[in-house]
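Those protein sequence lines, which keep their order, are chains A and B.
The C-terminal position of the first sequence is numbered 274 in the numbering used here, with every residue numbered one higher than the one before it.
The C-terminal position of the second sequence is numbered 654 in the numbering used here, with every residue numbered one higher than the one before it.
Any given hint might turn out to be false.
To be verified - Derived coverage of chain A by chain B (criterion: at least 3 residues anywhere in the stretch with Cβ under 8 angstroms from a Cβ of chain B; other residues may be distant): (1) 138-150; (2) 191-202; (3) 253-259.
Stated by the list, open to error - Computed, partial: chain B to chain A, Cβ under 8 angstroms: (4) A350; (5) S372; (6) V376; (7) P378; (8) V383; (9) G384; (10) F404; (11) G405; (12) A408; (13) R452; (14) I618.
Simulated from the structure, these hints should not be mistaken for lab results.
Please read these numbers as outputs of a predicted model, since none were measured by experiment.
Glycine included, every Cβ here is placed at the ideal spot set by N, Cα and C.
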Amino acid sequence: MSRRRQQHAAPHRSGLPGALVPLAVVGILFLLLPLLGLLVRAPWRTLGDELFNNEGLTALRLSLECASLATILCALVGVPLAWLIARGRFRGKGLLRALVIVPLVLPPVVGGVALFTAFGRRGIVGSHLYDAFGIALPFTTSAVVVAEAFVAMPFLVIAVEGALRGVDARLDEAAATLGASRWYTFRRVTLPLVAPGLAAGAVLCWARALGEFGATITFAGNFPGTTRTMPVEVYITLQQDPTAAIALSLLLLLVSVAVLAGLRERWLTTPG
Amino acid sequence: MADDPGVTGLQARILLHRGSLAVDLRLDVAPGETVVLLGPNGAGKSTTLRVLAGLLGCQEGLIRLDDEVLEDTGSGRFVAPQDRAVGVVFQDYLLFPHLSVRENVAFGLRARGVERSVARERADRWLARVGLSSYAARRPRQLSGGQAQRVALARALASQPRLLLLDEPLAALDAGTRLDVRAELRRHLRGFEGASVVVTHDMLDAMVLADRLVVIEEGTVVQSGSPRDVATMPRTDYVARLVGLNLLRGRAVGARVDVDEGVTLSVAGPAEGAVMVAFPPTAVSLHRSRPETSARNCWAGQVASVDMHGDTVRVTLSGPIPVIADVTPLAVADLGLRPGAPVWASVKALQTSVYPV
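Make the full structure from the sequences, and use the hints.
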């Protein structure tokens, strides 16, 4: 960090190649214009009606619920996983870390297909679930949650792992000499100290889950009321009523901006 | 309390290899006694402390605290750190940054299932004892180094350990606060009924805090005794340097000691056999040529370095008998003492102390 700052302060900063500036401007426009397009083409006058029709509201509620459930699921298994990666001493730790990151680089559609092969009615786990309990996961609201959790978990794990690395592991030893069991230490020392990182990771995870499209539509399908989340709704609506799609997109954009603002606030106020 | 047959203090026999360090030592501490482990960095002091706390297992060993065996490699018994009646004050205190000072002190009690209100009340009593009542609601980062150390001490003592371990408890403090905190720490250690082990590499800390000093070098005990004995009769060059004495080895016949390098010294008292001779730098006189007054107790050397040391000048001599001498600035000018200069040294017999190896 300080090195980077020094580089900024270096005198040959002014020697930035002039050819880079126009390209950077192209980059900025590339990011900005689509957002601008949304704002310009948004049906501002009829926005209320477009948004709060029944289908839009249903999709929004489903999205919010599923993203929240997926985030809770991710936190439940992701925090212990992050702890294992940050504090564990075992062979294949690097491999485990890579495994956690796979959903980040995997095309979401492939994630959806992969979920099918595992938890589908004929999947390697799903077939047993179906035979034993009659449970079929695909095309249910639960499938939405699973798909979103699969794709969004890396954000949470990476954030919590980073936070754990920043916590002095010797505090665990101090707690142990005071008579604290490992579980008590985890609850009273480790978890509170990684709480800011966990919160940031959870927000990122939630935002990613909220926007999930590929894995969701592949694994959970597109049934209004049960699996048709906002992104899917936007996609479907776009084919029939582009203006309504823009209105819905605007809503999602608003949520994203709110997340960004919230995170910035948190990162600024997190004690070092 | 000391009359209770179950309260016997700490008996530890520790053997372990860790990287290039091999620790092999015995350590017994009576109830109410404060033993200071003194030694250079990397001597195995902190490792020993970690073994006693249960944060590190040893390859071979038997650790007994009062009537309880904490570790016995023979039977495979190992009591986990959280189940030992051992309190630790860590070098940088390791206070929990997210908890208030009061919650830090109450932590051990809460962890052992004491009810919140009771734990807080006891924590407040401990904070009063270390004079930090008004800081109970603060966070650790709002404390000075000396205050943090007192909180760490209160936190360790609040769970009523029978063994208290302190790892360089004063090392993180600046010289000004160190004096006060050291005196206060001594007061608390005197008031503690269990056994205490303090690790330090600072001689003054050791002198003030110790009932008994145990000097460790390279994982083994090289000297053990009262601070006074160690300070007057150092047994290794490291200890001699720490207490500011010159240390020579030789063979005594009556009141004469043949120092290894072929020089014979007259000494204060009669002795026989292999001995050590210790004397302060002020007992050494320096001369331009061989002094005529006494034929003995003098040898030729070379000035290795000249430094100011308080209001005297400390001269380090190299040669067959390397010693340090404290002389006046005037002597430096008169004798032309500068690195490389040849010089004669003599030592006053009356200021030497001689003791068997």
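Structure-based check of all given hints:
1. Remark: the segment 138-150 of chain A is not confirmed as covered by chain B, as 0 of its residues place a Cβ nearer than 8 angstroms to a Cβ of that chain, below the required three.
2. Counting residues of the segment 191-202 of chain A whose beta carbon lies closer than 8 angstroms to any beta carbon of chain B gives 3, which meets the minimum of three for the stated coverage.
3. Interface restraint, the segment 253-259 of chain A with chain B: violated (0 residues with C-beta to C-beta distance below 8 angstroms; minimum three).
4. Residue-level restraint check for A350 (chain B) holds (minimum Cβ-Cβ distance to chain A is 5 angstroms; threshold 8 angstroms).
5. Interface restraint check: S372 (chain B) against chain A, minimum CB-CB distance 23 angstroms, threshold 8 angstroms, status violated.
6. Because the closest C-beta pair between V376 (chain B) and chain A is about 12 angstroms apart, greater than 8 angstroms, the hint is violated.
7. Hint on P378 (chain B) holds. Least Cβ distance to chain A is approximately 4 angstroms, under the 8 angstroms limit.
8. With a least beta-carbon distance of about 6 angstroms to chain A, the hint placing V383 (chain B) at the interface is held under the 8 angstroms criterion.
9. Hint status for G384 (chain B) relative to chain A: holds, with the closest Cβ pair at about 7 angstroms, below 8 angstroms.
10. A least Cβ separation of about 5 angstroms between F404 (chain B) and chain A falls short of the 8 angstroms threshold, and the interface hint therefore holds.
11. Hint status for G405 (chain B): holds, given a least beta-carbon distance of 4 angstroms to chain A, under 8 angstroms.
12. For the restraint placing A408 (chain B) at the interface with chain A, the shortest Cβ-Cβ distance is roughly 4 angstroms, inside the 8 angstroms limit, so the hint holds.
13. Satisfaction of the interface hint for R452 (chain B) is found here, the shortest Cβ-Cβ separation to chain A being roughly 7 angstroms, below the 8 angstroms cut-off.
14. Annotation: I618 (chain B) was flagged as interfacial toward chain A, and the flag is violated, the nearest CB pair being 46 angstroms apart, outside 8 angstroms.
Hints 1, 3, 5, 6, 14 from the list above are not met by this structure, while the remaining hints are.
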